[in-house]
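Participant: Given next are the chains, with one letter for each unit.
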Amino acid sequence: MITAERKPMEELTECMKPFGRILLVGCNECVTVCAAGGRKEVGLLSSALQMHFMKENKPFEVKELTLERQCDPEYVEELAPHINQVDAVLSMACGCGVQEIARRYKEKPVFPAVNTKFMGASESQGVWAERCAGCGDCVLGITGGVCPIARCSKQLFNGPCGGSTNGKCEIDSSVDCAWQLIWDRLKALGKVDLYEENIAAKDWRTGRGGGPRKIIREDLAS
Amino acid sequence: MSFQKRLSSGEFVVLAEMNTPKGVDTSQFVADARRIKGRVDAVIVPDMDNGVMRMSALAGGVLMHQLGLESIIHVYCRDRNRMALQGDLLAAYALGIQNIVVVCGEDMKNADHHNAKPVNDLSELELLGAIRTLEAGSDLSGIELNGAPQFTTGCTMAPWRDEKGFEQELELTGRKVKAGAEFVVTPPVFDLQRFVPFAEQTRQLGIPVIPTVFLIKSVGVARYIATNEPAAGMTEEIIQRIRKASDREMECVRIAAEAISAIKESVQGVRLVTLGWEHRLPAILDLAGL
Chain W
1 MITAERKPME
11 ELTECMKPFG
21 RILLVGCNEC
31 VTVCAAGGRK
41 EVGLLSSALQ
51 MHFMKENKPF
61 EVKELTLERQ
71 CDPEYVEELA
81 PHINQVDAVL
91 SMACGCGVQE
101 IARRYKEKPV
111 FPAVNTKFMG
121 ASESQGVWAE
131 RCAGCGDCVL
141 GITGGVCPIA
151 RCSKQLFNGP
161 CGGSTNGKCE
171 IDSSVDCAWQ
181 LIWDRLKALG
191 KVDLYEENIA
201 AKDWRTGRGG
211 GPRKIIREDL
221 AS
Chain X
1001 MSFQKRLSSG
1011 EFVVLAEMNT
1021 PKGVDTSQFV
1031 ADARRIKGRV
1041 DAVIVPDMDN
1051 GVMRMSALAG
1061 GVLMHQLGLE
1071 SIIHVYCRDR
1081 NRMALQGDLL
1091 AAYALGIQNI
1101 VVVCGEDMKN
1111 ADHHNAKPVN
1121 DLSELELLGA
1131 IRTLEAGSDL
1141 SGIELNGAPQ
1151 FTTGCTMAPW
1161 RDEKGFEQEL
1171 ELTGRKVKAG
1181 AEFVVTPPVF
1191 DLQRFVPFAE
1201 QTRQLGIPVI
1211 PTVFLIKSVG
1221 VARYIATNEP
1231 AAGMTEEIIQ
1241 RIRKASDREM
1251 ECVRIAAEAI
1261 SAIKESVQGV
1271 RLVTLGWEHR
1281 LPAILDLAGL
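Those protein sequence lines, which keep their order, are chains W and X. In this text, residue positions in the first sequence follow this note's numbering: the first is 1, and each later residue adds one. In this text, residue positions in the second sequence follow this note's numbering: the first is 1001, and each later residue adds one.
Just so you know, the hints here were simulated from the structure itself, not pulled from any lab data. The reader is advised that the hints may include incorrect statements.
[As the list claims (entries may be wrong)] Here are some, though not all, of the chain X residues that point toward chain W, as calculated from beta-carbon distances under 8 Å:
| # | residue |
| --- | --- |
| 1 | Lys1109 |
| 2 | Asn1110 |
| 3 | Ala1111 |
| 4 | His1114 |
| 5 | Val1119 |
| 6 | Lys1244 |
| 7 | Ala1245 |
Model, not experiment: these values are computed from the prediction. Heads up, the beta-carbon is just placed ideally off N, CA and C, and yes, glycines get one too.
Bound-form chain W, shown alone (with noise of 0.2 Å):
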């Protein structure tokens, strides 16, 4: 899924400040699982803002709403409605989410109350980590499962580097060595010959490197 955090409030308040009615609006998938942007978060931020300007003495009236996705344009049409008796937008889905609503609705002003992370998976309830870069040639079929890319800190294809300790990354003791997990899970499937194996220097192309990536299904595409 895609992770995301809460802005701080200060930050929140103060590109709210100018306003005095506005759609807060939330998101029923990544964001919801990852208790940052769901209806209750929406619930929690809006009586937030709305005490902290009542504490200003300024009138601030929040609409709430939730969308079971803020990605996809079906639902994000559902703003219609309430867009013209607000004067900005709130959202607390990931960056998707946000720029969805300021595509669509292009005379409004939109803001994130979320700081979008990354992709990926919860290790125990209310802690998740990054597992998946996006890299868009995904290499996990030779890596044990455990990506390099966003698991390693330095990134490096053909690990490990000289700061692995105890199975532990040298920048932090609490991060797993992705190179030893890897080790570890080449040996249990009797794999080691691809570790013994130099991977090729990556063809960055199918991610940012290449620019602003798009999949267009032909089958599908209308």
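Go by the hints and put chain X onto chain W.
Facilitator: For chain X alone, coordinates are given in the frame of chain W:
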């Protein structure tokens, strides 16, 4: 007189551009430079121009310095992060390079290593600011330098496609000036009639403007420019003039020399780009009376 002194005293500066070799054989590069020694104020050394991996501009600049020629090296953000950029700037100054031009690197997808990962840690404006910071005696982390460099720093104005594009480019160049650029290198001049209003409009930048005179090598090159760069002002008259000439190569040299003579009074310098025909630089300078 140094490039910086000529620039600040309002003298006309003549700059010739020369690419470093793709390899370690510098003999041609050095021979081309020797031919124009004493006739140009500085040699501009691009860094991986057009996205072609070649010897770095830093080495090219040092080679010029060793030959007794002043150089102006390109710096850009596609291939180096802020640490590498600062490190190379300090190295350049320590090795005798005093002039730099901040340029926009060719997009990686058009480079000859299109599978490489672009860096783009800083952009041109931030890099100009970084140079000012180094000159003030500290790095981008605020740590004091043991000896600060002093550069004459320029920027470029990218080619535009229409009037709106020109206005945007002019505005962006104005921001580069505010960020510390002390001169600006502008795109090639072909249509001399259109150059007059351009020179007027760029005067508002308040820094020396150095347009490019590009040596057209053939009718094919002229037609390519006319088709692909409509705002460059390539005229049918120029194309026909080259086509009808008995010595087309010499005609191209004449056209370049005439362009220099025509713009000389309205701007503060010229950048000569010959793209592989550096052996023709002396002839262009002769005909332009430089």
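Participant: Would you mind marking each hint as holding or not holding in the structure?
Facilitator: Verification of the hints:
no.: 1; hint: Lys1109; result: holds, 6 Å
no.: 2; hint: Asn1110; result: violated, 11 Å
no.: 3; hint: Ala1111; result: violated, 10 Å
no.: 4; hint: His1114; result: holds, 6 Å
no.: 5; hint: Val1119; result: violated, 10 Å
no.: 6; hint: Lys1244; result: violated, 43 Å
no.: 7; hint: Ala1245; result: violated, 42 Å
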